[in-house]
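K.L.:
Read off the chains here:
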Amino acid sequence: MRIELQKRARVSTLFSVLSPLLALVLTLIGGAILFWALGKNPGSALYSFFIEPLLEVWSLHELAVKAAPLILIAVGLSICYRSNNWNIGAEGQFTIGAITGSILPVLYPEWHSPMILPLMLLMGIAGGALYAGIPALLKTRFNTNEILTSLMLVYIAQLFLDWLVRGPWRDPQGYNFPQTKSFQIEAVLPEMLASGRAHWGFAFAIIAAVALWFMMRFMLKGFEVQVLGQSERAGRFAGFSARRMVWFSMLVSGGLAGLAGISEVSGSIGHVQPSISPGYGFTAIIVAFLGRLNPLGIIASGLVLALTYLGGEAAQLSIGISDKVSRVFQGLLLFFVLSCDTLIHYRIRLIFAGSQAEAKG
Amino acid sequence: MKKLIIALAASAALLGGFSTGAQAQEKKKVCFIYVGSKTDGGWTQAHDRGRIELEKALGDKIETPFLESVPEGPDAERAIERMARSGCAIVYTTSFGFMDATVKVAAKFPDVKFEHATGFKAGPNLATYNSRFYEGRYIQGQIAAKMSKKGVAGYIASFPIPEVVMGINAFELGAKSVNPDFKLKVVWANTWFDPGKEADAAKALVDQGVDILTQHTDTTAPMQVAAERGIFAFGQASDMIAAGPKTQLTAIVDTWGAYYIKRTKALLDGSWKSEQIWDGLKDGILTMAPYTNMPDDVKAMAEETEAKIKSGELHPFTGPINKQDGSEWLKAGEKAEDGVLLGMNFYIQGVDDKLPK
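First to last, the protein sequences are chains Y and W. Per our numbering, the very first residue in the first sequence carries number 1; after that it's consecutive. Per our numbering, the very first residue in the second sequence carries number 1; after that it's consecutive.
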């Protein structure tokens with residue numbers, strides 16, 4: 001006997017829409033079983049994991065802080081993936097954006113001007129975009145695989161950051177700890193409201209998501225992204241250039257990842273240090289697919305993934321489950337999203353290989 | 001579709017059914033936040049041992065929630081704030097790198113008490129506590145000089161902060177009191193907790209010809225490398241004898257439990273004050289693991305030194321001591337002041353390394 005996946009003749013639209021929710025429910029059930037197996041009350045565990053962080057205002061702010069970089073990066077990635085360009089290196093573009101954006105406050109700590117913050121944000125966007133331009137150049141020029149090049153550039157970016165903060169950028173008054181001076185107040189991305197720590201990075205994320213949604217829905221460029229993603233040949237007949245699309249999608253996603261990087265450093269950290277991201281650039285890939293590569297869906301999925309970070313902490317405090325459980329949840333979620341999607345497009349068939357095999361089995 | 005509805009209903013029932021179990025406990029919450037895993041076998045585990053002791057001693061009056069593996073940075077601030085908001089009466093933040101986050105949250109929550117380990121920033125509701133680890137390092141240095149055939153030891157260091165530099169110097173001072181030509185090689189792992197990097201640093205040192213290893217990082221990885229290569233090593237923060245039964249000479253064991261019990265009692269009876277505490281061997285905040293794998297005369301020497309430090313007869317940082325470049329730091333008989341030690345950013349003579357600048 002063997003198992004085969006067979007393409008369905010018709011794909012149910014209802015389930016295509018429901019699949020992320022279905023995956024979420026399955027994750028909850030999987031999590032409940034997990035907690036039960038650990039000897040914890042599954043109800044109270046799920047409650048403290050998924051509900052408790054949503055009950056207080058300050059905690060909602062923290063949710064926004066965590067969700068902002070995920071959403072910013074993921075909406076950029078959605079343009080890439082829709083147009084069939086596989087940028088896996090958002091983590092590196094995030095890091096470079098954080099570095100280029102921090103040049104001004106690190107090198108000119110005495111410069112107190114309201115101009116500094118907008119300049120930092122622009123330099124962050126430029127840095128991320130340029131860094132994503134490297135795989136774009138390699139792909140259009142030498143036909144290299146952007147999955148590999150963008151991924152490998154992540155490690156270069158991280159090691160470069162590491163070298164900077166341990167070497168030339170280290171704060172001389174910092175007791176030799178590998179971090180830069182704290183940014184001057186003008187260089188700190190302000191909080192949106194007085195009630196918590198959420199900074200303007202979250203607003204950027206929402207604006208970017210809505211803008212890209214508008215582009216995909218109502219503008220020719222959005223149509224171009226979709227056509228080229230589905231069939232390059234058809235796109236060529238329509239006069240679209242696949243080469244230009246490589247550049248466009250990589251620069252947009254790189255720029256947004258760079259903006260996320262400088263927003264994170266300026267808004268939530270306040271200085272540059274060796275580790276500035278718990279893997280936002282990679283988690284954003286899950287976010288993009290969980291949001292069905294739709295910018296508005298990504299806002300929702302970014303909030304869900306952010307919740308898994310916060311929930312892990314809440315669950316650890318109130319019922320004493322290990323912090324590893326949030327990673328397990330992220331993994332379960334991705335697993336169920338992918339399997340739901342697969343089963344929407346394919347059906348499982350059990351094939352029995354003839355009567356002889358059956359008699360043996 | 002029907003199945004989906006059933007699944008939704010089931011999970012809704014699960015959520016609703018159990019969510020009402022709000023605890024109506026009167027116990028005070030004494031909270032801990034750890035940089036590593038509580039089973040790291042070193043620094044964090046030592047704090048967790050203290051927490052468990054505390055729970056044993058005062059478990060009828062308090063409970064002790066904790067968060068482990070909290071990265072230093074924005075996540076630490078959120079985690080500490082979550083503790084303050086979740087009703088913790090006092091929060092122990094147990095890593096140097098939590099300092100700024102602790103200061104920020106302490107300013108926001110004046111009614112909650114905070115104690116930060118090994119830092120130097122205090123406030124009305126923020127105390128600091130530290131241990132004179134250098135006393136133990138001095139003893140280790142003496143043992144190393146006796147046990148090493150080559151007269152060179154290797155030191156796996158974390159970050160070049162004063163605390164760590166002080167430990168390196170104390171080790172070298174102890175070694176030089178036995179063998180004036182003793183050399184010390186240092187490798188900076190630039191991490192507190194990373195078994196892979198720590199093991200690499202240990203291998204690099206062994207390859208450079210050291211035959212004794214000591215560490216200022218948190219895991220047992222260097223001890224395991226030493227065991228594999230057949231040399232001796234010292235444990236750090238916890239007794240690491242299990243990782244090197246034939247390897248560990250002794251270990252500096254952090255025994256925070258007594259301190260946590262003392263401070264929590266003060267909190268309960270209302271006499272808690274913000275203090276900056278720096279206790280040593282005589283206060284029991286650190287102890288030496290059994291002296292093992294060494295001849296009796298070395299053991300006797302170590303025990304004698306330990307007794308002298310406890311009685312106050314011996315202060316490891318007593319002159320004459322020269323700085324690395326040969327210039328005089330302490331005159332004969334002069335003792336280093338605590339303030340100078342806590343800001344130490346130079347090596348003494350004999351350390352074979354350049355301090356990262």
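The reader is advised that the hints may include incorrect statements.
List time: in silico EDC-like cross-link candidates among lysine to aspartate or glutamate, alpha-carbon distance up to 20 Å [claimed, not checked]:
| id | chain 1 | residue 1 | chain 2 | residue 2 |
| --- | --- | --- | --- | --- |
| 1 | Y | Lys324 | W | Asp100 |
| 2 | W | Lys354 | Y | Asp171 |
| 3 | W | Lys108 | Y | Asp171 |
| 4 | Y | Lys40 | W | Glu63 |
| 5 | W | Lys308 | W | Asp352 |
| 6 | Y | Lys324 | W | Asp181 |
| 7 | Y | Lys40 | W | Glu72 |
| 8 | W | Lys146 | W | Glu337 |
| 9 | Y | Lys181 | W | Asp297 |
| 10 | Y | Lys324 | W | Asp194 |
| 11 | W | Lys323 | W | Asp352 |
| 12 | W | Lys108 | Y | Asp323 |
| 13 | W | Lys121 | Y | Asp171 |
| 14 | W | Lys38 | W | Asp297 |
| 15 | W | Lys104 | Y | Asp323 |
| 16 | W | Lys282 | W | Asp338 |
| 17 | W | Lys197 | Y | Glu56 |
| 18 | W | Lys104 | Y | Asp162 |
| 19 | W | Lys38 | Y | Asp171 |
| 20 | W | Lys308 | W | Asp325 |
| 21 | W | Lys29 | W | Asp60 |
| 22 | W | Lys146 | W | Asp352 |
| 23 | Y | Lys181 | W | Glu72 |
| 24 | W | Lys310 | W | Asp194 |
Derived from the structure by calculation, the hints contain no laboratory data.
K.L.:
Are the hints correct? Go through all of them and say.
P.N.:
Quick rundown of the hints versus the structure:
Only pairs whose Cα atoms come within 20 Å are accepted, and Lys324 of chain Y paired with Asp100 of chain W is rejected, the gap being roughly 26 Å. In summary, the hint linking Lys354 of chain W to Asp171 of chain Y is supported, as the alpha carbons are separated by about 19 Å, within the 20 Å threshold. Proximity of Lys108 of chain W to Asp171 of chain Y is assessed by CA-CA distance (about 26 Å); at most 20 Å being required, the pair is judged violated. For the hint linking Lys40 of chain Y to Glu63 of chain W, the alpha-carbon distance of about 18 Å falls within 20 Å, and the restraint holds.
Pair hint Lys308 of chain W plus Asp352 of chain W does not hold up; C-alpha atoms about 28 Å apart against a cutoff of 20 Å. Only pairs whose Cα atoms come within 20 Å are accepted, and Lys324 of chain Y paired with Asp181 of chain W is rejected, the gap being roughly 48 Å. As the CA atoms of Lys40 of chain Y and Glu72 of chain W are separated by approximately 29 Å, the hinted pair breaks the 20 Å bound. Using a Cα cut-off of 20 Å, the hinted pair Lys146 of chain W and Glu337 of chain W is violated, with the two alpha carbons roughly 29 Å apart.
Using a Cα cut-off of 20 Å, the hinted pair Lys181 of chain Y and Asp297 of chain W is violated, with the two alpha carbons roughly 51 Å apart. Simply put, Lys324 of chain Y and Asp194 of chain W have alpha-carbon atoms about 17 Å apart, close enough for the 20 Å limit, and the pair holds. Note on Lys323 of chain W and Asp352 of chain W: the hinted pairing holds, with a Cα-Cα distance of about 12 Å set against a maximum of 20 Å. Annotation: proposed proximity of Lys108 of chain W to Asp323 of chain Y is violated, straight-line Cα distance about 26 Å (limit 20 Å).
Of the pairs offered as hints, the one joining Lys121 of chain W and Asp171 of chain Y holds, with about 18 Å between alpha carbons and a cut-off of 20 Å not exceeded. Between Lys38 of chain W and Asp297 of chain W, the direct Cα distance comes to roughly 36 Å. Violation of the 20 Å bound is thereby established for this hinted pair. Only pairs whose Cα atoms come within 20 Å are accepted, and Lys104 of chain W paired with Asp323 of chain Y is rejected, the gap being roughly 24 Å. The straight-line distance between the Cα atoms of Lys282 of chain W and Asp338 of chain W is roughly 16 Å, inside the 20 Å bound, and the hint therefore holds.
Between the alpha carbons of Lys197 of chain W and Glu56 of chain Y the distance comes to roughly 40 Å, so the proposed pair goes past 20 Å and is violated. With a CA separation close to 26 Å, the supplied pair Lys104 of chain W and Asp162 of chain Y exceeds the 20 Å bound. For the proposed pair Lys38 of chain W and Asp171 of chain Y, the alpha carbon gap of about 31 Å is over 20 Å, so the pair is violated. The straight-line distance between the Cα atoms of Lys308 of chain W and Asp325 of chain W is roughly 30 Å, outside the 20 Å bound, and the hint therefore fails.
Simply put, Lys29 of chain W and Asp60 of chain W have alpha-carbon atoms about 12 Å apart, close enough for the 20 Å limit, and the pair holds. Restraint check for Lys146 of chain W and Asp352 of chain W: satisfied, since their Cα atoms lie roughly 19 Å apart, inside the 20 Å limit. Note on Lys181 of chain Y and Glu72 of chain W: the hinted pairing holds, with a Cα-Cα distance of about 16 Å set against a maximum of 20 Å. With a C-alpha separation of about 33 Å, the suggested pairing of Lys310 of chain W with Asp194 of chain W is violated against the 20 Å cut-off.
Going down the numbered hints, you'll see the structure goes against 1, 3, 5, 6, 7, 8, 9, 12, 14, 15, 17, 18, 19, 20, 24, while the others check out.
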